[in-house]
Structures are given as structure tokens and as C-alpha cells.
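Number of protein chains: 2
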Amino acid sequence: MGIREIAKEAGVSVATVSRVLNGTKFVSEDLKEKVLACIQKEGYVANHVARSMVLKKTLTCGLIIPEVSELYHQMIFSTAERILENAGYKVMVCRVKDTLASVRVYLDLLLENRVDGILLMHETSNPKVYEQLKKSQIPIILAGIDIPGLPLPQVRIDDYQASYDGTRYLLGLGKRHIGLIGGWGYSVGDKRLEGYKEALSEAQLPFKPALIVSGDYTVESGKLAMQKLIESGENLDAVFVLSDEMAIGVMRAVKEAGLSVPHDISILGFDGITVGKYLNPTLATVSQPIEEIGLQSAEALLHLMKGESVRPLTLLSHTIREGESVQ
Amino acid sequence: MGIREIAKEAGVSVATVSRVLNGTKFVSEDLKEKVLACIQKEGYVANHVARSMVLKKTLTCGLIIPEVSELYHQMIFSTAERILENAGYKVMVCRVKDTLASVRVYLDLLLENRVDGILLMHETSNPKVYEQLKKSQIPIILAGIDIPGLPLPQVRIDDYQASYDGTRYLLGLGKRHIGLIGGWGYSVGDKRLEGYKEALSEAQLPFKPALIVSGDYTVESGKLAMQKLIESGENLDAVFVLSDEMAIGVMRAVKEAGLSVPHDISILGFDGITVGKYLNPTLATVSQPIEEIGLQSAEALLHLMKGESVRPLTLLSHTIREGESVQ
DNA sequence: CTGAAAGCGCTTACAG
DNA sequence: CTGAAAGCGCTTACAG
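So the sequences go chain by chain: S and W.
Each residue of the first sequence is one higher than the one before, starting from 1 at the first, in the working numbering.
Each residue of the second sequence is one higher than the one before, starting from 1 at the first, in the working numbering.
Do not rely on the hints blindly, as some may be mistaken.
Chain copies aren't distinguished; within one or between two, either way the pair holds.
Calculated pairs, DSS-like style, for lysine-lysine (alpha carbon to alpha carbon, straight line, at most 27 Å) [claimed, not checked]:
1) Lys255 <-> Lys277
2) Lys255 <-> Lys97
3) Lys135 <-> Lys34
4) Lys255 <-> Lys208
5) Lys32 <-> Lys135
6) Lys191 <-> Lys97
7) Lys128 <-> Lys32
8) Lys228 <-> Lys197
9) Lys56 <-> Lys135
10) Lys41 <-> Lys57
11) Lys41 <-> Lys134
12) Lys128 <-> Lys34
13) Lys56 <-> Lys134
14) Lys134 <-> Lys191
15) Lys135 <-> Lys25
16) Lys41 <-> Lys128
17) Lys255 <-> Lys41
18) Lys56 <-> Lys41
19) Lys135 <-> Lys41
20) Lys135 <-> Lys208
In case anyone wonders, no lab produced these hints; they're calculated from the structure.
Because the structure is a prediction, the values reported are computed rather than measured.
Can you build the whole structure from these sequences, using the hints too?
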């Protein structure tokens, strides 16, 4: 049941059917009606695969999203998907576990399927992938991340500054023994570590490696990291946790250790996911403009796909969201 | 840069290139090597759009997922996507806001794009959509939901029984004034309401409409519903909340009202999302085998797409997960 | 084992 | 305003 059958039944050419289907050219009312009637009657559904082939565009975007900080990424994804969809694009999702090889696999997948553009939310440290990315002419936007050395447009906050500000916020509250829980080896995490160090150093406070614990941005890893920190016996009056999801685990660990947030220890998160406002205590956090990141990165991708150029870096501003978890 | 160019460059026919690309037939070693070398050299990427057209299958599945109970649906989605992807399928995601029309729009979209199958996680009450669904021969699995009157294979729990068991659990703890927060108008919610009623009735307890408040399965709606319940001044010793996400909002509302969970009021959630275990207090809940739902529904879809038949109903079992939110 | 050719279901210059 | 025909980039009987 293709356009040909519809054409035959309506007594017109396939060109005419195509035209009424797409509104690409004027078709006289009576022919249009006949065609529409046949389409209705036969329950004809246009084949966008065939159309994509001749048009050389699929109206589909690829989204590469890591399987961590789900709540945070999910929110960017939702917003971006909405924008893209309103613009007539479908979305193909690739959720990536954190292995170097996999991003490449997904990239190949998306390329083979001729997506019109890609929203990349997952950093990779595999230089081979970079090569491929540089070569391919496909529009790509980095959302929320930075890949140093890859000249692709980015929409994100200034992670160094945000972390610096977060640390200063805790210092301003009189905290002097600030633990840090995060994940290293990615530009985002590493920048945040630097911001933390800088703020400490400015405050003439020593940087104590024992106060730095790594997690993988899951709730459970936050809990484990905090347990480690507590067991270390280090003096601690606050912990800066580089994702709200980990912070949830951190607060649980504090509770299970018989301590109280914020009485015994203040907790400052990072990201600003919705659920933070509903926790007990509510989570203070360095809040990213998550929806704005989703929106702007999707719009940038839309521009790129239209052949327009976009600024290489869109820096959005973070805020400190207060909450009961610090005092 | 198509298969034709590669063929010319390697001095073979397009058929041969296609064969080495897909391994569909034996090709002599030397030809294979030549072809592979050219592919490598030219950075050729196969065009799956063209391939889909001739094969009449896209190796793509559609996922229709509601924009509520994100944490719950997200978990089904993750699992299902992993299974599907391992089987070589791509996933096209459609997130649906709760309007009657929209499911139809997405269904059309997926049909136009010739996905090989659909995982439907969103109920609709629009009978027109049902008609279309019945007519289309495309494999569809309902994951976590029931659409009465639509003979499509389902993978889910027994919501009536689960709600009944949850209510009995609270009754067993000595609760006699059990509020209920949920969303009605969908088979899942309505069944849970029935289970609650049945358990009360068995316990010779009156059903009090004033204790029933509706929410839309978002955190915020849970909070609002609980505020309403508290303001109503009704006697209340427990609240059964029909989604963990709403329960998070509920616990917040209790806290803000100056009351304590579980001392003043016990809270029992529904779903069993991961984060519930990390809340303070940890959330007791009627736990669905979420990953199992994702896994089994994806596998069922895989079977359907292979032309095999699947059982009309796969009923998975729920459990009561204990937590500090009840006493 | 390999190739020439038809065909998948559309869109769109090009004529009329 | 409408139609005949070429072509998008593949796969796969069908011959050889």
C-alpha cells in the first residue's frame, strides 16, 4: 500500500499524491479531495523511510546520554526532546555506559542511520572518537559538557566558577573542613575540583587530599563515599557533593552514622534537580539552569541543522540554591 | 559516497560490496580485503535508511512513555532499551504529556517511520486510538499498563492485588485511618483504588471519600495532595501513596506541617524506585519488579518482532518493601 | 564465487 | 495545474 496504489485509485499521478501529502505545490481542490479520500479510506500511512532517502534528511536527531546522574540528564533530555519535537524532529536515544569504546559505537549507529544532528551529553576520553567527530560534517552540540580540543559548540555553565562559588558559599558560612565528593577524569569533574582548590587556597586553607573522595555520580556511590569520609575520622564540618544524586546518598550515610544534617555536618549538592527541594532536609545546591541547557542546546542544534552557524560557547549562569542541608 | 563508489574503487560489483558489508554470502578473501581497504580508506558509512527501505524493516523500536512518574518509567525504559539495543535495535522515544490526542500523534509518527515494534507505557482513553491500534499489524507490547478492551500483550503486576496487599499491610500495623493519594481515570489507578476499598471493607472499615485525594503522579502533586489531606482535619494515621515520587512530596508536606513520619503518620509508597531506599526516613513501598517489567516487555517485543507469539498477559509479582516511613 | 539488473516507496526537476 | 520518468542507496533473486 504505497503512494502508487493511492494514485491509481484516485486516478491521478504519484506526483500529485506526493504534492497533496506534503503541500509542496498547489493542487486543485477536486484532485486534492479525491486523494485525501483515498488516503483516508485505505488508511494509508506515508513511508518516511523512503522519503528520507530521497530527501537525504531524516528529520531525526541522535541523543547520546550517559547512564549516570539520571535525574539531571533526564531533565536536559526532556527539555531538548520537546524543543526538537516541536520543530518536527524525532529523537533517537543512546544511553551510554561509561566505557571508552561505546561512544564510538553509538556515533557509528547514528551516522549509519543518517540522523540530521547529534546532541552529545557524554564526554569521552578516547581520542579516536574525536578524530571521527572532527571528520564527520554532521551538526553536533555538546550539552552540559566540555571536550577540550574538540572544536564543537558547547552549551554549559562554567564548572570551575560554579564550584569555586559553591566552596566560597560554605566558607562564608564559617565551614573550615570541607570534604569534596565527585568523579574525576572528566573535564567537568576536574574543573570543579580546581574551583574547590582555588577557593580553599584563597581562604588560606590547606588542601587536604584525605577530604577528597571519588564517586561515580550514582546515589549509592555518594553513600559509599560519605561512609569512607566518615570512617576516615577526618575533621569535617561540611561536604560539597558534585551531584545532587550523590548528595542523596551522602545524606543517607550521615543519617546512618547517627549524625545529623545540617547540625553535625552541612551538605551542599550540585545540579539543582527538582527532587532536592522535597528532601528532608531540603538540599542546598549549586544549581545549574538545567532546562535552559536543554533548551539552548536543542535550539543551537536546530540552527546548525538549518545550516546556520552558532556561537562556539554559550555559557549559562549557575546559582546557589539555599536549603536546609546547610547552616 | 555510496556503495557504488566503493565498488568501482575496489574493482568489484556493488553486490559484492553489499555482501562483505553484511556477511550475507561468502566472498573470496582477496576481494573482501580490497573492499574493506576501500571502505576504511574512504571512511564509508553504510546508509541504513536505504537498507531499511529495501529490507522493509528498520531495526528500530518506538517507546511511548508518559511524562509522569519519571523515575519509575525511566527505569523501565533503561532496562528495555538495553535489551533492545543488545538485540540490534535502535530506540525512538516519544514522551507523552497526558492529552488524549497526543498518543495518536506519536503512534502516527512511529508508523510513518516504520518502526518494527512499539513498547507502550502510556494508557490512553481515546477509543479512536484503540481502533487504529487494532488495525495496525505492528507488534506492540503494553509495559506496566492495562488497556481494557485492547487485546495487546501486557507485562505488568496485578495492581488490584498489590494495592490490596499494601492496604492490608498498613491495617496489619494497626492503622485504621488510611488516606489514599493517587490518580484516577486510568485502569492502573482505578484498580488500585478498588484494591484499597476491598481491603478496608474486609476489615470492616468504612470507606471515607474525604480520605481520597488525587494527584498527577508528580512530586509536587503529592505534596499538594497531602497538604489538602492535612488541612481537611480528618483523622489520619497513615497514607498510602500510589507512586513513590508523589510520596516524596507527601513526606515533605508532612514535615512542613510540623508533623513527623512515621511518628505522627505512616507513609507507604508504590513502585519501588531506587531513591526510596535513600530517603530519610527510607520509604516503605509496594515494590514493583521494575527492571523485570522492562526486561520481560522488551523480550516479548523481540519475540513479536521475530514473528513468534507471546502470552497475552505476563503477571509479575510485587512485594512489600519495608522502610522507616511506616511503624 | 561474482555480477547485471530490478525494485524498495518516495520526491522533484522537466515538460506540457 | 498535472504527469512521466529519473534517481535516492541499498539488497537479492537470477544467471553465469
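Now for the hints, and whether the structure bears them out:
no., hint, in the structure
1, Lys255 <-> Lys277, "both (18 Å within a copy, 12 Å between copies)"
2, Lys255 <-> Lys97, "neither (30 Å within a copy, 37 Å between copies)"
3, Lys135 <-> Lys34, "between (48 Å within a copy, 23 Å between copies)"
4, Lys255 <-> Lys208, "within (24 Å within a copy, 37 Å between copies)"
5, Lys32 <-> Lys135, "between (45 Å within a copy, 25 Å between copies)"
6, Lys191 <-> Lys97, "within (22 Å within a copy, 37 Å between copies)"
7, Lys128 <-> Lys32, "between (52 Å within a copy, 25 Å between copies)"
8, Lys228 <-> Lys197, "within (21 Å within a copy, 47 Å between copies)"
9, Lys56 <-> Lys135, "within (19 Å within a copy, 31 Å between copies)"
10, Lys41 <-> Lys57, "between (29 Å within a copy, 25 Å between copies)"
11, Lys41 <-> Lys134, "between (49 Å within a copy, 16 Å between copies)"
12, Lys128 <-> Lys34, "between (55 Å within a copy, 23 Å between copies)"
13, Lys56 <-> Lys134, "within (21 Å within a copy, 33 Å between copies)"
14, Lys134 <-> Lys191, "within (24 Å within a copy, 54 Å between copies)"
15, Lys135 <-> Lys25, "neither (37 Å within a copy, 32 Å between copies)"
16, Lys41 <-> Lys128, "between (53 Å within a copy, 15 Å between copies)"
17, Lys255 <-> Lys41, "neither (65 Å within a copy, 59 Å between copies)"
18, Lys56 <-> Lys41, "between (30 Å within a copy, 23 Å between copies)"
19, Lys135 <-> Lys41, "between (48 Å within a copy, 13 Å between copies)"
20, Lys135 <-> Lys208, "neither (43 Å within a copy, 67 Å between copies)"
Violated hints for the displayed structure, listed by number in ascending order: 2, 15, 17, 20.
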